[in-house]
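With these hints in hand, go ahead and build the complete structure from the sequences.
Single-letter residue listing:
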Amino acid sequence: MAKLDAEGEQLRVGVFVCQCGHNIAGTVDCEAVAKFSETLDDVVAVFNNKYTCSEPGQLEVKNAIDEHNLNRVVIASCSPRMHEPTFRATLAGADLNPYLLEMANLREHCSWVHMGEPEMATDKAKDLVKMAVARARSLEAQDEMIVPITQKALIIGGGIAGIQSALDLADAGYKVCLVEKEPSIGGIMAAIDKTYPTMDCSI
Amino acid sequence: MADVGRHPNIELLAYSEVENVAGYVGNFTVTVRKKARYVDVKECTACGDCIDVCPVTAPDEFEEGLATRKAIYQPFPQAVPSAFVLNIDECLGNNPIACGKCLEVCDKDCIDYDDKDEHVDIDVGTVIVTTGMEVYDPTELDEFGYTRYENVITSMEFERLINSGGPTEGHLIRLTDHKQPKTVAFIQCVGSRSENKGNPYCSNICCMNTVKDCLLIKDHYPEIDIKVFYIDIRAFGKGFEDLFQRSKEKGAIYIRGIPGEIEEDPETRNLKLYVENTTAGGTDCHEVDMVVLSVGVHARADSDAIQKLLTLQRSQDGFFLEAHPKLKPVDAATQGVFFAGCAESPKDIKDSVTQAGAAAARANRLMMQGKVSVEAITSTIIPDLCKACGICVKVCPYNAISCDTKAKTPAVVVEAACSGCGACSAECPFGAITMKHFTDRQIEAQIDAMLEYNSQDKVLAFACNWCSYSGGDLAGTNRFQYPPNTRLIRTMCSGRVDKKFVLRAFARGAPIVLLSGCHFADCHYINAVHWTQRRVEKLWDELEKKGIRPERLQLEWISAAEGQKFATVMRAVEDLRQKVTPEEIEHTKKALAGVLEPPKPKAAAKKATEEEAAAQAAA
Numbered sequence: 000m001a002k003l004d005a006e007g008e009q010l011r012v013g014v015f016v017c018q019c020g021h022n023i024a025g026t027v028d029c030e031a032v033a034k035f036s037e038t039l040d041d042v043v044a045v046f047n048n049k050y051t052c053s054e055p056g057q058l059e060v061k062n063a064i065d066e067h068n069l070n071r072v073v074i075a076s077c078s079p080r081m082h083e084p085t086f087r088a089t090l091a092g093a094d095l096n097p098y099l100l101e102m103a104n105l106r107e108h109c110s111w112v113h114m115g116e117p118e119m120a121t122d123k124a125k126d127l128v129k130m131a132v133a134r135a136r137s138l139e140a141q142d143e144m145i146v147p148i149t150q151k152a153l154i155i156g157g158g159i160a161g162i163q164s165a166l167d168l169a170d171a172g173y174k175v176c177l178v179e180k181e182p183s184i185g186g187i188m189a190a191i192d193k194t195y196p197t198m199d200c201s202i
Numbered sequence: 000m001a002d003v004g005r006h007p008n009i010e011l012l013a014y015s016e017v018e019n020v021a022g023y024v025g026n027f028t029v030t031v032r033k034k035a036r037y038v039d040v041k042e043c044t045a046c047g048d049c050i051d052v053c054p055v056t057a058p059d060e061f062e063e064g065l066a067t068r069k070a071i072y073q074p075f076p077q078a079v080p081s082a083f084v085l086n087i088d089e090c091l092g093n094n095p096i097a098c099g100k101c102l103e104v105c106d107k108d109c110i111d112y113d114d115k116d117e118h119v120d121i122d123v124g125t126v127i128v129t130t131g132m133e134v135y136d137p138t139e140l141d142e143f144g145y146t147r148y149e150n151v152i153t154s155m156e157f158e159r160l161i162n163s164g165g166p167t168e169g170h171l172i173r174l175t176d177h178k179q180p181k182t183v184a185f186i187q188c189v190g191s192r193s194e195n196k197g198n199p200y201c202s203n204i205c206c207m208n209t210v211k212d213c214l215l216i217k218d219h220y221p222e223i224d225i226k227v228f229y230i231d232i233r234a235f236g237k238g239f240e241d242l243f244q245r246s247k248e249k250g251a252i253y254i255r256g257i258p259g260e261i262e263e264d265p266e267t268r269n270l271k272l273y274v275e276n277t278t279a280g281g282t283d284c285h286e287v288d289m290v291v292l293s294v295g296v297h298a299r300a301d302s303d304a305i306q307k308l309l310t311l312q313r314s315q316d317g318f319f320l321e322a323h324p325k326l327k328p329v330d331a332a333t334q335g336v337f338f339a340g341c342a343e344s345p346k347d348i349k350d351s352v353t354q355a356g357a358a359a360a361r362a363n364r365l366m367m368q369g370k371v372s373v374e375a376i377t378s379t380i381i382p383d384l385c386k387a388c389g390i391c392v393k394v395c396p397y398n399a400i401s402c403d404t405k406a407k408t409p410a411v412v413v414e415a416a417c418s419g420c421g422a423c424s425a426e427c428p429f430g431a432i433t434m435k436h437f438t439d440r441q442i443e444a445q446i447d448a449m450l451e452y453n454s455q456d457k458v459l460a461f462a463c464n465w466c467s468y469s470g471g472d473l474a475g476t477n478r479f480q481y482p483p484n485t486r487l488i489r490t491m492c493s494g495r496v497d498k499k500f501v502l503r504a505f506a507r508g509a510p511i512v513l514l515s516g517c518h519f520a521d522c523h524y525i526n527a528v529h530w531t532q533r534r535v536e537k538l539w540d541e542l543e544k545k546g547i548r549p550e551r552l553q554l555e556w557i558s559a560a561e562g563q564k565f566a567t568v569m570r571a572v573e574d575l576r577q578k579v580t581p582e583e584i585e586h587t588k589k590a591l592a593g594v595l596e597p598p599k600p601k602a603a604a605k606k607a608t609e610e611e612a613a614a615q616a617a618a
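Respectively, the protein sequence lines represent chains X and R.
Going by numbering that gives the first Met the number 0, the first sequence opens with residue 0, and the numbers climb by one from there.
Going by numbering that gives the first Met the number 0, the second sequence opens with residue 0, and the numbers climb by one from there.
Keep in mind that the hints were calculated from the coordinates and are not lab data.
Don't take every hint at face value.
Not close to chain X: a few residues of chain R, all C-beta gaps over 10 Å, as computed [stated by the list, open to error]:
| hint | residue |
| --- | --- |
| 1 | Ile96 |
| 2 | Val411 |
| 3 | Gly430 |
Distance ranges between label pairs, derived from CB positions [unchecked claim]:
| hint | chain 1 | residue 1 | chain 2 | residue 2 | range |
| --- | --- | --- | --- | --- | --- |
| 4 | R | Asp88 | X | Asp199 | 48 to 58 Å |
| 5 | X | Ala88 | R | Thr28 | 29 to 39 Å |
| 6 | X | Ala88 | R | Gly430 | 32 to 42 Å |
| 7 | R | Ser372 | X | Lys49 | 28 to 38 Å |
| 8 | R | Lys578 | X | Gly115 | 17 to 27 Å |
| 9 | X | Ile145 | R | Lys386 | 26 to 36 Å |
| 10 | R | His529 | X | Lys49 | 53 to 63 Å |
| 11 | X | Thr197 | R | Glu42 | 33 to 43 Å |
| 12 | X | Ala88 | R | Ala360 | 39 to 49 Å |
| 13 | X | Ser53 | R | Gly169 | 57 to 67 Å |
| 14 | X | Ile145 | R | Glu240 | 49 to 59 Å |
Note that beta-carbon positions come from the ideal geometry of N, C-alpha and C, so glycine has one too.
Printed below as a string of structure tokens:
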């Protein structure tokens, strides 16, 4: 039976199983994972995408949110450290709070590390989606805090990299504070005679 | 360099160190210690009168110790700021009997023996870490005899000898007899690509530096013979192969093989290099006048300090770790912090400049928006449950929580200062702190879902977002294979993993629970990981008292760079899982059954009931 979330809204979870070309589908039976997802509580729509992160993939997510009135989204693809910002933006584009997204990592933590064991990997993928749906069901919308940015940069180290960064930002109009440990900037570069590939002086 | 000194937008704090960083993206407050220089930077014109009278001589660091300087000196002629510095440890001091000569001759009165370190606070929105690297010291490599044989020098010393501004005014000489060498040998990969002493990685710059040095010698002294001993010549950059070929055309001879031993002829002070020629085969002996060790580079020894201040991570080679090796190569995982140059990995000037431009562009991209949204993962106090015990105040690494324990008023979280580790929530004995987006309910739902069926076959692993989870990602990227029995639950910090999560997992039939977080030095939340360790140690005792083998709860520190270790740990926990018997699991379930009972009504629930009753009565 469909549950209500904290706001009293009926839970409607959409699951998107990404094949990532052959990266996930080469080991994990994505269709079986999708089919299994349909049996999970409050899941009202399941999709199997070739590349969920691609433009058409994201469009499918957006359309599904509209069409199925989804209020929780589970994307079973790669690491959230890779594409969570991508899909949060997708949700925001569909007027859904970005924090109502949960990802299941079927690539880095499953298909790529269990390449010789497709059946076990598929079982694990199912569990990962099940856990993601369980978590998604209790996710709550969050408002991000907007903070102002001080228009000044700190550069730590006055070698060639620090010098270049400082000049670029200063030329762009920002105030820059360049901190150097030694009595002079220049770093190791300053001690070098000629530099390759131009064979000219370093300073 | 001079542009930096005169740019109206650049404040240059030379001879200064960053000592503290507080705040977060867009709003960092940085404390910088300006070290006492004993010379007024603004007034000093670098006239040099003080140098003439200073009686102290010391090795000149800039000249690699190949020349001397005075106790008051300019680091090098083009130094920026163009001002002198006084080494107070070497100076004889402001005692008219002992010295005080520089003070007497300085017309502008810019010398102050009583100068003190000064602290300044600077507010900045972004930080670029360009701390550079250090050059490898080959003294430990006995086979090359560096420091034992005077005519064996490093490539940095060679730079000073061939430099027209250097101690010999650019005349290449041997250190023993000050004569021009007839034959010079270069040995490549010194301190690089070695599994024993030195570093395992390629230092990137040394091949081309040697090619350049060969051309410099041949330009100045076509008659000097050059032999380069190498493993591979890596001339992969734009224009590099041309330079390499040109050095061969000019007569540099490249011999594939690294000398196993160098011997010095005690009379001539020439050097005999014994080497296996791996192209032609056979062992040869080459006698040369001078050997240049083409030394590699390594991460700075003082990287730890910056790492802790900005909660950065480092890869196994010691250099700072980028947020993503391909897609965010100049971003740190800490928002608003960027890397450029050799702080991130060994690289040449062109790559440093390129990366510096990229880092500046990334910082610009953030700052030009004027505002930034901060992830809504912070803690909130439930005032009705808070007993004002003050534990959370002690736990918080950011001093983001305040609580008046005497007045017994509920604790307060300053959201802007909270970084979202969740250690407070896990340590609160009254369940009065909710961690947004990583609530108890959300994490418990994952635990329950994972262990609903076939729990005996699975290992539950908690992994922190920044290190262990990323280590798992790296294992994936590298295709390190491990058994498919583990299921990861991601939290921002291992400090978020509440004791009750672990007990719940065991009560649900988990054979093994793993907690994995950052190494202490890598903790993204300053020191929140200490709470993980303390909690696990207490849990081990508690499990033992309940007759549960403490080994079933594992604790491992895995960094974002340790994909290999992640896979090894996953194999180890699977081995442990196989040793847990069904009887043991059943016993644990019974022993911990109480954990799964619904919590007793607390103050909040009671209050809600009262309110409801009041509302009903009113109706």
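Going through the hints against the structure:
Against chain X, the non-interface label of isoleucine 96 (chain R) holds: every CB pair exceeds 10 Å, the least being about 28 Å. Residue placement check: valine 411 (chain R) keeps its beta carbon more than 10 Å from all beta carbons of chain X (closest about 16 Å). Distance to chain X confirms glycine 430 (chain R) as a non-interface residue, since its nearest Cβ pair spans about 16 Å, more than 10 Å. Hint check: aspartate 88 (chain R) to aspartate 199 (chain X), Cβ distance near 37 Å, so the stated range 48 to 58 Å is violated.
For the hinted restraint 29 to 39 Å between alanine 88 (chain X) and threonine 28 (chain R), the CB-CB distance of approximately 31 Å keeps it satisfied. Judged by the Cβ atoms, the range 32 to 42 Å given for alanine 88 (chain X) and glycine 430 (chain R) holds: they are separated by roughly 34 Å. Separated by about 31 Å at the C-beta atoms, serine 372 (chain R) and lysine 49 (chain X) satisfy the suggested range of 28 to 38 Å. One distance hint, 17 to 27 Å for the beta-carbon pair lysine 578 (chain R) and glycine 115 (chain X), holds here, with the actual separation near 23 Å.
At roughly 33 Å, the beta-carbon separation of isoleucine 145 (chain X) and lysine 386 (chain R) lies within the given 26 to 36 Å, and the hint holds. A beta carbon spacing of about 45 Å between histidine 529 (chain R) and lysine 49 (chain X) contradicts the range 53 to 63 Å that was offered as a hint. Between threonine 197 (chain X) and glutamate 42 (chain R) the beta carbons are some 37 Å apart, a value that agrees with the proposed interval 33 to 43 Å. For alanine 88 (chain X) paired with alanine 360 (chain R), a C-beta distance near 21 Å fails the hint of 39 to 49 Å.
Remark: the range hint 57 to 67 Å for serine 53 (chain X) to glycine 169 (chain R) is upheld by a beta-carbon distance near 59 Å. A hinted range of 49 to 59 Å for the beta carbons of isoleucine 145 (chain X) and glutamate 240 (chain R) is consistent with their spacing of about 51 Å.
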